[in-house]
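Q: Sequence:
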Amino acid sequence: MARFLVNKPLGMYRHGSDPLDGDFMNLLFCDPSLPALKFRTPRTNLGGGALVSAKNMPTKLVLTGRKRKLMDIDNALNMFLASARFVDLVRKFQPDIQTFPVECSWSDGTPAGQCFFLFKPVMLDAVNREKTTARWTPTVPGQGIWYIEGPGQKFVFDKSRMGDTHFWLAPNMPSYGALVSETLYKALRDADMQSFAATLHFEEI
Numbered sequence: 004m005a006r007f008l009v010n011k012p013l014g015m016y017r018h019g020s021d022p023l024d025g026d027f028m029n030l031l032f033c034d035p036s037l038p039a040l041k042f043r044t045p046r047t048n049l050g051g052g053a054l055v056s057a058k059n060m061p062t063k064l065v066l067t068g069r070k071r072k073l074m075d076i077d078n079a080l081n082m083f084l085a086s087a088r089f090v091d092l093v094r095k096f097q098p099d100i101q102t103f104p105v106e107c108s109w110s111d112g113t114p115a116g117q118c119f120f121l122f123k124p125v126m127l128d129a130v131n132r133e134k135t136t137a138r139w140t141p142t143v144p145g146q147g148i149w150y151i152e153g154p155g156q157k158f159v160f161d162k163s164r165m166g167d168t169h170f171w172l173a174p175n176m177p178s179y180g181a182l183v184s185e186t187l188y189k190a191l192r193d194a195d196m197q198s199f200a201a202t203l204h205f206e207e208i
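So the sequence shown is residues 4 to 208, counted in this note's numbering.
The hints are simulated quantities; they were obtained by calculation from the structure and are not laboratory data. There may be inaccurate statements among the hints.
[What the hints assert, rightly or not] Lysine to aspartate or glutamate pairs mimicking EDC-like chemistry, simulated, CA-CA at most 16 Å apart:
no. : residue 1 : residue 2
1   : K95       : D193
2   : K162      : D128
3   : K63       : D21
4   : K162      : E185
5   : K70       : D111
6   : K162      : E133
7   : K134      : E207
[To be verified] Distance windows between CB atoms, simulated:
no. : residue 1 : residue 2 : range
8   : V9        : K95       : 17 to 25 Å
9   : P104      : L31       : 15 to 23 Å
10  : I208      : L73       : 37 to 45 Å
11  : E185      : D91       : 14 to 22 Å
12  : L73       : R192      : 13 to 21 Å
13  : K134      : T186      : 18 to 26 Å
14  : D99       : Q146      : 20 to 28 Å
15  : D24       : E185      : 33 to 41 Å
From the three backbone atoms N, C-alpha and C, an ideal C-beta is built for every residue, glycine too.
Given the sequences, and given the hints that come with them, work out the whole structure.
A: Printed below as a string of structure tokens:
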């Protein structure tokens, strides 16, 4: 089975992050000429699909809002912001993940700790189109986007395409494009990683 990996916002207070360096609006792929990246940036769908360049990558973040315990997986600047233990566990299953260290501080200047921007360099279309009941919407010739619009709609994934992949970007998902295998999902749950949302599991055939 496969699931979406979605960070879960906690609390009732506004949280944000402001970079102190870099240029997060102009992040680059190492090889932007790849056809699959034509309409993407490293921040599309929480980042990934190919190797990301360190150029312009922020290395320091000010976390705004109320001080809180840092979560193992969060969203900062529309990229995954992960703890070291989250990264270490994911890497056991998907060694080719890409990370960039980030020193975090609070608005008053006190340190909050180190995290990592986490990217999934693998772009994989493993959706079985015959069994999937989500709606396919064409966008440009030969391309489109999947949407789940209501109860009963689902994705079905092709095991033969997934192979040993455990953490990947689906090229045709609108905003929840980060996917994990059921094996990795269970390992994250068993390790009590904080805080990612419980998501629907989708069949593999």
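Q: Hint by hint, say whether it matches the structure.
A: Tested hints:
Only pairs whose Cα atoms come within 16 Å are accepted, and K95 paired with D193 is accepted, the gap being roughly 14 Å. For the hint linking K162 to D128, the alpha-carbon distance of about 11 Å falls within 16 Å, and the restraint holds. A C-alpha spacing of about 9 Å is found between K63 and D21, which places the hinted pair at or below 16 Å, so the restraint holds. For a cut-off of 16 Å, the pair hint linking K162 to E185 stands: about 12 Å separates their Cα positions.
The hinted pair formed by K70 and D111 meets the criterion: a straight-line CA distance of about 10 Å does not exceed 16 Å. Note on K162 and E133: the hinted pairing holds, with a Cα-Cα distance of about 14 Å set against a maximum of 16 Å. A hinted pair counts as satisfied when its Cα atoms are at most 16 Å apart, and K134 with E207 qualifies at roughly 10 Å. The hinted range of 17 to 25 Å is satisfied by V9 and K95, whose Cβ atoms lie roughly 21 Å apart.
A C-beta distance of roughly 18 Å is found between P104 and L31, which places it inside the suggested range of 15 to 23 Å. At about 39 Å, the CB distance of I208 to L73 agrees with the hint of 37 to 45 Å. As the Cβ distance of E185 to D91 is approximately 20 Å, the hint placing it in 14 to 22 Å holds. For L73 and R192, the Cβ-Cβ distance of about 19 Å falls inside the hinted range of 13 to 21 Å, so the restraint holds.
The beta-carbon spacing between K134 and T186, approximately 21 Å, falls within the hinted interval of 18 to 26 Å. The hinted range of 20 to 28 Å is satisfied by D99 and Q146, whose Cβ atoms lie roughly 25 Å apart. About 38 Å separates the C-beta atoms of D24 and E185, a value consistent with the hinted range of 33 to 41 Å.
When each numbered hint is compared with the structure, no violation occurs for any of them.
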